[in-house]
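Under the working numbering, the residue at position 66 of the sequence shown is numbered 748, and the numbers go up by one with no gaps.
Do not take every clue at face value.
[What the hints assert, rightly or not] Each computed DSS-like pair below joins lysine-lysine, with the alpha-carbon atoms no more than 25 Å apart:
hint	residue 1	residue 2
1	771	728
2	749	728
3	771	749
[To be verified] Quick list of the computed label-pair ranges, beta carbon to beta carbon:
hint	residue 1	residue 2	range
4	716	798	36 to 44 Å
5	785	757	14 to 22 Å
6	759	727	36 to 44 Å
7	729	759	16 to 24 Å
8	738	795	26 to 34 Å
Think of the hints as simulated: they come from the structure by calculation, not from any bench.
In this text, a Cβ means the ideal position worked out from N, Cα and C, and glycines have one as well.
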Amino acid sequence: QAQFVESGGGLVQPGGSLRLSCAVSGSFFNNFRLYNMAWYRQAPGKQRDMVAVISNAGMITYIDSVKGRFTISRDNLKKTVYLQMNSLKPEDTARYYCTRPGSGYWGQGTQVTVSS
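Generate coordinates for the entire structure from the input sequences, incorporating the hints supplied.
Next comes the structure, spelled out in structure tokens:
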């Protein structure tokens with residue numbers, strides 16, 4: 683009914699950049715453009731937290747720790763959500779997931795490791 687395929691993660695040095703992509707499919711998302719979408723992250727031993735959310739109208743909210751460094755965007759025709767991450771810090775290390783908030787659907791995520 684719903685599938686998220688996250689990609690673009692990897693190992694990067696502090697100060698580096700990565701661009702994450704999330705391809706969304708399934709009948710649950712036939713009207714993808716109508717839904718808010720978000721990126722979450724989960725570090726080992728910690729809870730999964732929302733990082734950024736983009737509404738169906740394009741309104742965007744970020745957590746304070748990523749403001750000015752991360753940019754969330756979406757392509758409704760491609761049913762894809764992006765997260766451009768710049769000036770990465772070791773504390774950004776986590777597994778990153780995208781989802782429609784409240785849907786209960788999750789993908790496998792993509793691992794981001796920031797280390798020298």
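**Request:** Please test the hint of 16 to 24 Å on the beta carbon pair from residue 729 and residue 759.
**Result:** 34 Å, violated
**Message:** Please check whether residue 738 and residue 795 have a Cβ separation lying inside 26 to 34 Å.
**Reply:** Holds: the Cβ-Cβ distance is about 32 Å, inside 26 to 34 Å.
**Message:** For the hint 14 to 22 Å, verify it against the beta carbon of residue 785 and that of residue 757.
**Reply:** Given about 19 Å between the Cβ atoms, the range holds.
**Pairwise hint evaluation, residue 728 against residue 749, where the allowed Cα distance is 25 Å at most** = 21 Å, holds
**Item:** Proposed proximity, residue 728 with residue 771 (alpha carbon, max 25 Å)
**Value:** Between residue 771 and residue 728 the Cα gap is close to 17 Å, so the pair holds against 25 Å.
**Message:** Assuming the hint says 36 to 44 Å, is it satisfied by the Cβ distance from residue 716 to residue 798 or not?
**Reply:** About 43 Å separates the Cβ atoms of residue 716 and residue 798, which means 36 to 44 Å holds.
**Prompt:** Is the Cα-Cα distance between residue 771 and residue 749 25 Å or less?
**Reply:** Holds, because 13 Å separates the two Cα atoms, which is no more than 25 Å.
**Message:** Within 36 to 44 Å: is that where the Cβ-Cβ distance between residue 759 and residue 727 falls?
**Reply:** The hint (36 to 44 Å, Cβ to Cβ) holds, given that residue 759 and residue 727 are roughly 39 Å apart.
Going down the numbered hints, you'll see the structure goes against just number 7.
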